[in-house]
Amino acid sequence: MMKQPRAWQRMLSGRRLDLLDPTPMDIEIEDIAHGLAFVARWNGQTRGDHAYSVAEHSLLVETLFGRIAPGAPAKWRLAALLHDAPEYVIGDMISPVKAAIGPGYGALDDRLMAAIHLRFGLPATLPVAIKRQIKKADRISAWLEATQIAGFSQTEATRFFGRPDGALTAGLSIMLRPAPLVRADYTARHDELLAEI
Numbered sequence: 001m002m003k004q005p006r007a008w009q010r011m012l013s014g015r016r017l018d019l020l021d022p023t024p025m026d027i028e029i030e031d032i033a034h035g036l037a038f039v040a041r042w043n044g045q046t047r048g049d050h051a052y053s054v055a056e057h058s059l060l061v062e063t064l065f066g067r068i069a070p071g072a073p074a075k076w077r078l079a080a081l082l083h084d085a086p087e088y089v090i091g092d093m094i095s096p097v098k099a100a101i102g103p104g105y106g107a108l109d110d111r112l113m114a115a116i117h118l119r120f121g122l123p124a125t126l127p128v129a130i131k132r133q134i135k136k137a138d139r140i141s142a143w144l145e146a147t148q149i150a151g152f153s154q155t156e157a158t159r160f161f162g163r164p165d166g167a168l169t170a171g172l173s174i175m176l177r178p179a180p181l182v183r184a185d186y187t188a189r190h191d192e193l194l195a196e197i
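According to our numbering, the sequence shown is numbered sequentially starting from 1.
In short, the hints are calculated from the structure, not lab data.
Treat the hints with care, as some may be off.
In silico SDA-like cross-links for lysine to any residue, where the CA-CA straight-line distance does not exceed 25 Å [as the list claims (entries may be wrong)]:
#1 75 / 169
#2 136 / 94
#3 131 / 93
#4 131 / 67
#5 136 / 100
#6 98 / 69
#7 131 / 161
#8 136 / 69
#9 131 / 173
#10 75 / 121
#11 131 / 48
#12 135 / 111
#13 135 / 124
#14 75 / 184
#15 75 / 127
#16 135 / 165
Could you put the whole structure together from the sequences, leaning on the hints where they help?
What follows is the structure, given as structure tokens:
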């Protein structure tokens with residue numbers, strides 16, 4: 001009889017997260033914030049002395065979402081902050097790698113995201129209009145990152161991500177900070193938004 005491969009990961013909180021059947025009770029914001037603060041965007045191919053983390057990216061996306069939908073309730077801003085939360089377990093893969101892996105990656109990401117949403121009082125599946133606005137914020141963030149720290153020209157970044165509205169990006173610049181600082185800011189922002197719901 002073949003032994004089933006291990007499909008769970010032990011978190012620093014002590015939780016044991018089953019990747020194939022994640023439950024909301026096994027998800028802690030401290031684990032998410034820690035993991036995302038140490039996961040590099042762009043496969044680490046960015047300028048600077050620190051990796052640009054998924055946690056830093058998520059803070060930027062939440063800020064951009066707030067500019068796109070200034071009247072949105074705190075729960076949707078929280079959804080924007082958590083938009084890449086499954087990457088605390090599965091890492092950040094660039095789009096070409098996700099395409100090569102196929103639909104299995106998307107299914108795993110969807111299961112984890114549903115459990116994360118439920119853990120923090122959000123619907124398992126977000127309304128289409130909210131998902132669209134978060135995706136827009138994500139693409140604007142990618143354009144800013146591409147042009148400021150990932151070596152893309154504005155022309156090249158625009159070809160991949162579209163040119164963002166200057167009013168939405170005014171005054172925003174990419175920060176490269178040590179992971180512990182980003183982890184603390186991500187956790188604090190999560191707590192602020194959760195308190196407003």
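Checked hints:
Distance restraint check for residue 75 and residue 169: the Cα-Cα separation of roughly 23 Å lies within the 25 Å cut-off, and the hinted pair is therefore satisfied. The suggested pairing of residue 136 with residue 94 holds, with an alpha-carbon distance near 17 Å, which does not exceed 25 Å. Among the hinted pairs, residue 131 with residue 93 is consistent with the structure: their alpha-carbon atoms are about 20 Å apart, no more than 25 Å. With a CA separation close to 15 Å, the supplied pair residue 131 and residue 67 stays within the 25 Å bound.
The hinted pair formed by residue 136 and residue 100 meets the criterion: a straight-line CA distance of about 24 Å does not exceed 25 Å. For the given pair, residue 98 sits about 29 Å from residue 69 by alpha-carbon distance, which is inconsistent with the 25 Å threshold. Between residue 131 and residue 161 the alpha-carbon distance is near 17 Å, which keeps this suggested pair within the 25 Å criterion. A hinted pair counts as satisfied when its Cα atoms are at most 25 Å apart, and residue 136 with residue 69 qualifies at roughly 11 Å.
For the hint pairing residue 131 with residue 173, the CA-to-CA distance comes to about 24 Å; that is within 25 Å, so the pair holds. A C-alpha spacing of about 8 Å is found between residue 75 and residue 121, which places the hinted pair at or below 25 Å, so the restraint holds. A C-alpha spacing of about 31 Å is found between residue 131 and residue 48, which places the hinted pair above 25 Å, so the restraint is violated. Between residue 135 and residue 111 the alpha-carbon distance is near 19 Å, which keeps this suggested pair within the 25 Å criterion.
Distance restraint check for residue 135 and residue 124: the Cα-Cα separation of roughly 17 Å lies within the 25 Å cut-off, and the hinted pair is therefore satisfied. Of the pairs offered as hints, the one joining residue 75 and residue 184 holds, with about 20 Å between alpha carbons and a cut-off of 25 Å not exceeded. Taking the CA atoms of residue 75 and residue 127, the gap is about 12 Å. The hint holds against a cut of 25 Å. Taking the CA atoms of residue 135 and residue 165, the gap is near 15 Å; set against the 25 Å cutoff, the hint holds.
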